[in-house]
Amino acid sequence: MAKQMLMKGNIALAEGAVIAGCRYYFGYPITPQNEIPEYMATRLPEVGGVFVQAESELASINMLLGAAAAGARAMTTTSSPGFSLMQEGVSYLAACHLPCLMANVQRGGPGLGNIAASQADYFQAVKGGGHGDYRLIVLAPNSPQEMMDFAILGYELSDKYLVPALILSDGVIGLMMESVTVRDDYVPKPPEKPWALTGCKGRKKNVIRSLWLDEDGVIINNKKLQAKYREIEKNEVRYEEYMTDDADVIAVAYGLSSRIARTVAENMRNEGLKVGVIRPITLYPYPYLRIAELASRVKSMLVVEMCAGQMVEDVRLAVNGKVPVELYGMPGGEFPEESEVYSRLNALLKRG
Amino acid sequence: MIERIIISGFGGQGVLSAGLMLAESAVHIGLEATFMPSYGIEMRGGTANCHVIISDKKIGSPIISEADSLIAFNEQSILKFAARVRDKGLIMLNSCVVQKDYDFPGRKVVMVPMESMAIDSLGNQKMANVIMIGRFIREKAFITLDELKRVINEKFLKKGEKVVNLNYQALEIGYQLQ
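From first to last, the protein sequence lines are chains A and B.
In terms of my numbering, the first sequence opens at residue 1 and continues consecutively.
In terms of my numbering, the second sequence opens at residue 1 and continues consecutively.
Chain A on its own, in the form it takes in the complex:
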């Protein structure tokens, strides 16, 4: 019987990774995700795993690359400025078709910023903070339960497609505590990894590379990557909707913003106001099709995000001019106010 306990988001993520079979963690301290390396430092040795506090984020991501290349389920976590330092490694992981799990517990930026929650790393996560034509599978939890669930899902999807997975969280989802059903009955079933570097005695050697100086190596690799991405876009889109069936105005939000939007929508429905919320769960692959469908049934949409406007661009892309898409964006570590979300949705309802 899985136990139910009050759990911190960051801890749920870490324990979820361990439950999913993660036995290698390489990381560097940065607020607001320090609970993760702190937890892994004692937890991994308990299960025969290895914890390394690397000398920097640059070292962490490269250690992750090494472990992933050797076929292990491995992980690194960081927050915004740290994820910036990791971008070269992220590009390499993607180019090398290496499965792994990363997490960015977003904080205020740009620059060193503050330690409050934000959602200003959306572009970096889904449009590529690293160089080249690559994508990551990006999962956006909005609760400690999802922090645990998506650690597990992240590994499953990453191993299935050989694409690195990123959990895009924030300082509130990471630090808050909420009831979590611990998935201790989950049995990880990672696929065979015949491509992994495990010592080639008795078999042909494996090569994991991202450099081809010949005419077409990089072209071929890109074709392989793109083919995978089309599959992922077809099969792995995930989102959640609240009260959208008959909504006149729909809010689009992920992570903490989606919880705020949902609370406001519930209150407004109690007043007879027809609002709904769509919450993207996979930020890549993005639910463009579903948002486009919803756009043909509503008067307008309101994107609520903790930044100056990043996901709003993808919503506008999906909506393609059908209806107005407005933004309520709070940059710099400020939280969207329920009262303001209410006013903005109300104004859109009245506009007609």
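Since the hints were made in silico from the structure, they are not lab data.
A couple of the hints might just be wrong.
[Stated by the list, open to error] Derived lysine to aspartate or glutamate pairs resembling EDC-like cross-links, with alpha carbons at most 16 Å apart:
#, chain 1, residue 1, chain 2, residue 2
1, B, Lys-57, A, Glu-88
2, A, Lys-299, A, Asp-245
3, B, Lys-80, B, Asp-56
4, A, Lys-3, A, Asp-184
5, A, Lys-127, A, Asp-184
6, B, Lys-88, B, Glu-32
7, B, Lys-57, B, Glu-3
8, A, Lys-193, A, Glu-156
9, A, Lys-3, B, Glu-32
10, B, Lys-58, A, Glu-266
11, B, Lys-58, A, Glu-240
Starting from the structure of chain A, add chain B where the hints point.
Same frame as chain A, but now just chain B:
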């Protein structure tokens, strides 16, 4: 039901500990709860507050804009959060440190001399926060005394039976306070 509680004070007063006790009790009895801590950078003397939401339904934002209750361990907390307490809400104050005579129209005010009670009855200031919690659960009956005792036992068992019993006493004297 929904109960949105802000607990606030100095770092070191057991603000977060108090909030955790309430949240853990709630989850144990099958309610939904969220706990959101907020710290300043200092470990002692800086501000600390937590937002605890307890409900029988799924909880939205873990951040409280309008509170049902404020439990203030120091004066700054009142200046910072009193305005957020809704009409007919509850404000509990640590009357040992609150200097001014505040007026909170429309809200119920409960004064608890938590530190002097802790020192006089238990000889130890550390349990002052538990006294406050004891008084709080008498106001809000959704968590019973027994349930909170269970959480205290779980939390302090490794510090020994003496500490557990002192905390039980703190809870009781808070609960009995008029």
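Hint check results:
1. Lys-57(B) <-> Glu-88(A): violated, 44 Å
2. Lys-299(A) <-> Asp-245(A): Within the cut-off at roughly 13 Å; holds.
3. Lys-80(B) <-> Asp-56(B): violated, 28 Å
4. Lys-3(A) <-> Asp-184(A): Holds - the C-alpha atoms of Asp-184(A) and Lys-3(A) are around 8 Å apart, at most 16 Å.
5. Lys-127(A) <-> Asp-184(A): violated, 34 Å
6. Lys-88(B) <-> Glu-32(B): Since the Cα atoms of Lys-88(B) and Glu-32(B) sit roughly 23 Å apart, the hinted pair is violated (cutoff 16 Å).
7. Lys-57(B) <-> Glu-3(B): Since the Cα atoms of Lys-57(B) and Glu-3(B) sit roughly 11 Å apart, the hinted pair holds (cutoff 16 Å).
8. Lys-193(A) <-> Glu-156(A): holds, 13 Å
9. Lys-3(A) <-> Glu-32(B): Roughly 15 Å between the alpha carbons, so the hint for Lys-3(A) and Glu-32(B) holds.
10. Lys-58(B) <-> Glu-266(A): holds, 11 Å
11. Lys-58(B) <-> Glu-240(A): holds, 15 Å
In summary, the structure is inconsistent with hints 1, 3, 5 and 6 from the numbered list given earlier, while agreeing with the others.
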